[in-house]
Amino acid sequence: GESVGLHLPTLSVQEGDNSIINCAYSNSASDYFIWYKQESGKGPQFIIDIRSNMDKRQGQRVTVLLNKTVKHLSLQIAATQPGDSAVYFCAEVWDTGKLIFGQGTTLQVKP
Amino acid sequence: DTAVSQTPKYLVTQMGNDKSIKCEQNLGHDTMYWYKQDSKKFLKIMFSYNNKELIINETVPNRFSPKSPDKAHLNLHINSLELGDSAVYFCASSPGRGNTIYFGEGSWLTVV
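Quick note, the sequences are listed as chains A and B, same order. Once you know that position 14 of the first sequence is 15 in the working numbering, the rest is easy, because the numbers rise by one and skip nothing. Once you know that position 33 of the second sequence is 171 in the working numbering, the rest is easy, because the numbers rise by one and skip nothing.
Think of the hints as simulated: they come from the structure by calculation, not from any bench. Note that the coordinates shown come from a computational prediction; the quantities given were computed from them, not determined experimentally. Do not rely on the hints blindly, as some may be mistaken.
[Claimed, not checked] Some, not all, of what chain B presents toward chain A, calculated at C-beta under 7 Å:
| hint | residue |
| --- | --- |
| 1 | L165 |
| 2 | L181 |
| 3 | I183 |
| 4 | S186 |
| 5 | K190 |
| 6 | I194 |
| 7 | F202 |
| 8 | S224 |
| 9 | F228 |
| 10 | G236 |
| 11 | T238 |
| 12 | E243 |
| 13 | G244 |
[As the list claims (entries may be wrong)] Chain B residues, not near chain A, derived (Cβ > 12 Å throughout):
| hint | residue |
| --- | --- |
| 14 | P146 |
| 15 | L149 |
| 16 | N155 |
| 17 | K157 |
| 18 | R201 |
| 19 | N217 |
| 20 | S232 |
Think of the CB as a built atom: it goes at the ideal place given N, C-alpha and C, for glycine as much as any other residue.
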């Protein structure tokens, strides 16, 4: 079916701590996944992506993990900063080009 | 040098009116999209065009009509606006199917 879910609607972390945002997807045929960050009043901004032939991909302070066995995706943010406060969406891309979004997790960073 | 730009950013209009939202991308992408974000932040695809050809048309009322004059532009026209049309509409583009999709900054539509 068309659903990508996130486990927690809101995540609150202390500045400097690591953040982990989780996502479960339902389409086992999906082979491309993207994490987006959406700040208030702005559009979704690409953070990092991963294809299904990989288990892990690292960017600057961010890491995406993919577990195809349990259809689970996670975004790890190292040393979380106030500027990381936003809504985070995972999304799966179908080969038709359709991008299916999860409901979003709000990350709040406490100073 | 905004990659995906859409206008207007804010639009307040009365029920029954007809309005358009314009979108342009300067990334040279072949595929463009319209997404709708509701009050609960849920993002859902409405339409997708590839090289001016409609390839995705979700269950959207006929009052919504996309138009792509060329592959760099995808406009959204909405007839007979209803209160439930109030949302944020995002234009997006990508190099093609199965590739990263880049979003514009959104158009906040409020129907009163």
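| Is S232 (chain B) truly not at the interface, in the sense that its beta carbon sits beyond 12 Å from all beta carbons of chain A? | Non-interface label on S232 (chain B) violated, nearest chain A Cβ at 7 Å vs cutoff 12 Å.
| task | Go through the hint on T238 (chain B) and say holds or violated, using the shortest Cβ distance to chain A against 7 Å. | result | With a closest approach of 6 Å, the T238 (chain B) hint holds.
| Checking the smallest CB distance to chain A, is L149 (chain B) really beyond 12 Å? | holds, 15 Å
| said: Less than 7 Å between beta-carbons is the criterion; does I183 (chain B) satisfy it with respect to chain A? | reply: holds, 6 Å
| request: Decide, holds or violated, for the assertion that all CB atoms of chain A are farther than 12 Å from the CB of P146 (chain B). | output: Nearest chain A Cβ is 14 Å from P146 (chain B), so the label holds.
| query | Taking 7 Å as the limit, does the beta-carbon of E243 (chain B) come near enough to a beta-carbon in chain A? | reply | holds, 5 Å
| query | Does F202 (chain B) pass the interface hint, meaning its C-beta sits closer than 7 Å to a C-beta of chain A? | reply | violated, 17 Å
| said: A closest beta-carbon separation below 7 Å is what the hint needs, so does L181 (chain B) meet it against chain A? | reply: Since chain A brings a Cβ to about 4 Å from L181 (chain B), closer than 7 Å, the hint holds.
| field | Beyond 12 Å from each Cβ of chain A, as asserted for N155 (chain B) | value | holds, 24 Å
| Beyond 12 Å from every chain A Cβ - status for K157 (chain B) | At about 20 Å from chain A, K157 (chain B) clears the 12 Å cut-off, so the statement holds.
| How about I194 (chain B): closest beta carbon in chain A under 7 Å, or not? | Holds: closest Cβ of chain A sits about 6 Å from I194 (chain B), inside 7 Å.
| query | Holds or violated: L165 (chain B) as interface residue toward chain A, Cβ cutoff 7 Å? | reply | violated, 12 Å
Checked against the numbered hints above, the structure violates hints 1, 5, 7, 8, 20; every other hint is satisfied.
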